[in-house]
Amino acid sequence: MIFKFLPDDFNFFDLFDKQVDRAVEAAKTLKDIANTHGPIDEAIFKKIQILEHQGDEASHGVMEQLNKTFITPFDREDIHDLTKAVDDIIDTIDSLVDRIKIYKINGGDKQLIQFTALIEESVWAVAAAVRGLRSMKNARSVLESCVEVNRLENVGDALRDKVLGELFETAKDPIALIKWKEIYEDAETILDICEDVAHVVESILVKQA
Amino acid sequence: MIFKFLPDDFNFFDLFDKQVDRAVEAAKTLKDIANTHGPIDEAIFKKIQILEHQGDEASHGVMEQLNKTFITPFDREDIHDLTKAVDDIIDTIDSLVDRIKIYKINGGDKQLIQFTALIEESVWAVAAAVRGLRSMKNARSVLESCVEVNRLENVGDALRDKVLGELFETAKDPIALIKWKEIYEDAETILDICEDVAHVVESILVKQA
Amino acid sequence: MIFKFLPDDFNFFDLFDKQVDRAVEAAKTLKDIANTHGPIDEAIFKKIQILEHQGDEASHGVMEQLNKTFITPFDREDIHDLTKAVDDIIDTIDSLVDRIKIYKINGGDKQLIQFTALIEESVWAVAAAVRGLRSMKNARSVLESCVEVNRLENVGDALRDKVLGELFETAKDPIALIKWKEIYEDAETILDICEDVAHVVESILVKQA
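Protein chains in written order, with the numbering used here: chain A, 1 to 209; chain B, 1001 to 1209; chain C, 2001 to 2209.
No lab work stands behind these hints, which were simulated from the structure alone.
If you're wondering where the values come from, they're calculated on a predicted model, not measured in any experiment.
The beta carbon of each residue, even a glycine, is placed where N, CA and C say it ideally should be.
Keep in mind that the hints are not guaranteed to be accurate.
[As the list claims (entries may be wrong)] Pulled from the structure, derived: some chain B residues nowhere near chain A, Cβ distances all over 10 Å:
#1 1036
#2 1064
#3 1098
[To be verified] Restraint-style ranges between C-beta atoms, simulated for each label pair:
#4 2069/C with 1057/B: 35 to 43 Å
#5 70/A with 1053/B: 25 to 33 Å
#6 1042/B with 2069/C: 52 to 60 Å
#7 1155/B with 2028/C: 28 to 36 Å
#8 77/A with 1013/B: 24 to 32 Å
#9 61/A with 1182/B: 37 to 45 Å
#10 1157/B with 13/A: 22 to 30 Å
#11 113/A with 1056/B: 28 to 36 Å
#12 117/A with 2135/C: 24 to 32 Å
#13 32/A with 2069/C: 48 to 56 Å
#14 2206/C with 144/A: 16 to 24 Å
#15 1182/B with 2166/C: 18 to 26 Å
#16 32/A with 2042/C: 48 to 56 Å
#17 1014/B with 2135/C: 48 to 56 Å
With the sequences and hints as input, model every part of the structure.
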């Protein structure tokens, strides 16, 4: 109802949708990287950089709009937190990809493939939750998506513990260990950030209930 | 006085007390782990996990209550920050214990024992500060507890610098160095987080003064 | 205009100026450390510690004043964020210097010298931006300073990627690699923190525009 106060050509939800679309795209690209046979193509690194850059601009756009808009669909602070948290997903994916590049890691590592599958699932669930915020009719399915994001974070925690335990038990080359420890930890961090988004979404729902 | 507006069966301070009780319990358990002779028992890892889970729920409970409550004993944002910061203590203790488990660290390391003694002291001081918030009559002793938390953080900084310096000077096994570096740094982080709680408490006091 | 409501002997901008002066001093000292021939003098470590301590006190002073002041030159939260972000610059410089000390790193490393030159440039730009906030007449030059801080952060990112890539490609001693990896990453973090200050400044400008 309150949307009649907003200019017709502007809508925070459209901006959020674009942001989560980009996060999904980044997560898919990350999975492609992990599943590559052998060295990663330079073009795929560029793609992530472009997504990261677009993500920054989108988040900047939300903030600017926020400062100009009197009536917002929910708490200004929640809009700020939501756009920042979604942007953090893309940023942490970009950081991981950057490490893969710096360390000249090849695709095909089974554990990293597992992580990137979890990450893609989680970012899809985040996207479903954020898209659902348009209407309180979706409250139930939005909450279910958030629960799924939390579940995947727990799965990721357990995977990291298992993978790091094996890494330290079997490692002979300390420099390789340093690389892979960081790669796996960065992968798990992305799932933490997805959980942060879910928490922001949950807190928005609670206030509207 | 303002508490007459709150339902009789509900009180933010009771929730905070439960949270700090759990943080103290986690700090004690951490000290027990460090002082164990030889391998750590699986049961003690489970105990920390349960505390961490209960901590999450308690913090979630405070947030939910916050969204439903019109009159709060102090700034809504401070309640949010306080419950989050106390929960962070338990989370960082849980992270350290997780590393001890993953790295198959045995109890008995003198430096870690020193750290966990500092941590227990600091969490006790945090608990005293948070419990004292019920009444401004306690302002002086609350501030003294905060000062103590700050002091212990400085002691922890110096200990970390000394311990890391020795570690790098004497280390021959890089993989062992990686493990212990992280263990000591995580231990020091817990003292940083206790200081964060003290800062929140101090800022609450200043506003009420 | 609104400053007539503030006590004559008090001004938030004076406090911010002192804070950025100290950040500039810390950045210069860091550059001196990197450019030292051979072992670093103990006195220069003390100097950074004193700056860090003074920075903490200055930031504390802003917070206290904030709690006592009814009318502020801009949003209370922005004042809080600005003072905290500037203080974070000094803190992260202090952390890096602390690592240099713990790891008994000598001056003269070419890569570190490059980083500290970037850091000094960035902190100068931050200082110009913060000082310019006194008057909206400076809006244009303030924004230019922010753009410069962002540019330097990108330069720092590229430098870190290059330096880490070389480090991992050529490293033979894993323990030396662990030290230098952390030194370079900490150096790049300082540029990130400068960018955080620039973001706070930009958001203050947008609201006043």
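Outcome of the hint check:
Interface exclusion of residue 1036/B from chain A stands, the closest Cβ pair being 19 Å apart, more than 10 Å. Taking the minimum C-beta to C-beta distance to chain A, about 6 Å, the non-interface status of residue 1064/B is violated against the 10 Å cut. In this structure residue 1098/B is not separated from chain A by more than 10 Å, as the shortest Cβ-Cβ distance comes to only about 7 Å. The hinted window of 35 to 43 Å between residue 2069/C and residue 1057/B holds, with their beta carbons roughly 39 Å apart.
A C-beta distance of roughly 42 Å is found between residue 70/A and residue 1053/B, which places it outside the suggested range of 25 to 33 Å. In this structure the hint that residue 1042/B and residue 2069/C lie 52 to 60 Å apart at CB holds, the actual value being about 55 Å. In this structure the hint that residue 1155/B and residue 2028/C lie 28 to 36 Å apart at CB holds, the actual value being about 30 Å. The given range of 24 to 32 Å is respected by residue 77/A and residue 1013/B, whose C-beta atoms sit roughly 25 Å from each other.
Checking the proposed 37 to 45 Å range against residue 61/A and residue 1182/B shows it holds: the Cβ atoms sit about 39 Å from each other. Taking 22 to 30 Å as the suggested C-beta distance range, the pair residue 1157/B and residue 13/A does not conform, at roughly 46 Å. Between residue 113/A and residue 1056/B the beta carbons are some 30 Å apart, a value that agrees with the proposed interval 28 to 36 Å. At roughly 54 Å, the beta-carbon separation of residue 117/A and residue 2135/C lies outside the given 24 to 32 Å, and the hint is violated.
At roughly 54 Å, the beta-carbon separation of residue 32/A and residue 2069/C lies within the given 48 to 56 Å, and the hint holds. With their beta carbons about 37 Å apart, residue 2206/C and residue 144/A fall outside the hinted range of 16 to 24 Å. In this structure the supplied range 18 to 26 Å holds for residue 1182/B paired with residue 2166/C, their Cβ-Cβ distance being about 25 Å. At about 52 Å, the CB distance of residue 32/A to residue 2042/C agrees with the hint of 48 to 56 Å.
For the pair residue 1014/B and residue 2135/C, the supplied restraint of 48 to 56 Å holds, since their beta-carbon distance comes to about 50 Å.
In this structure, the earlier hints numbered 2, 3, 5, 10, 12 and 14 are contradicted, and the remaining ones agree with it.
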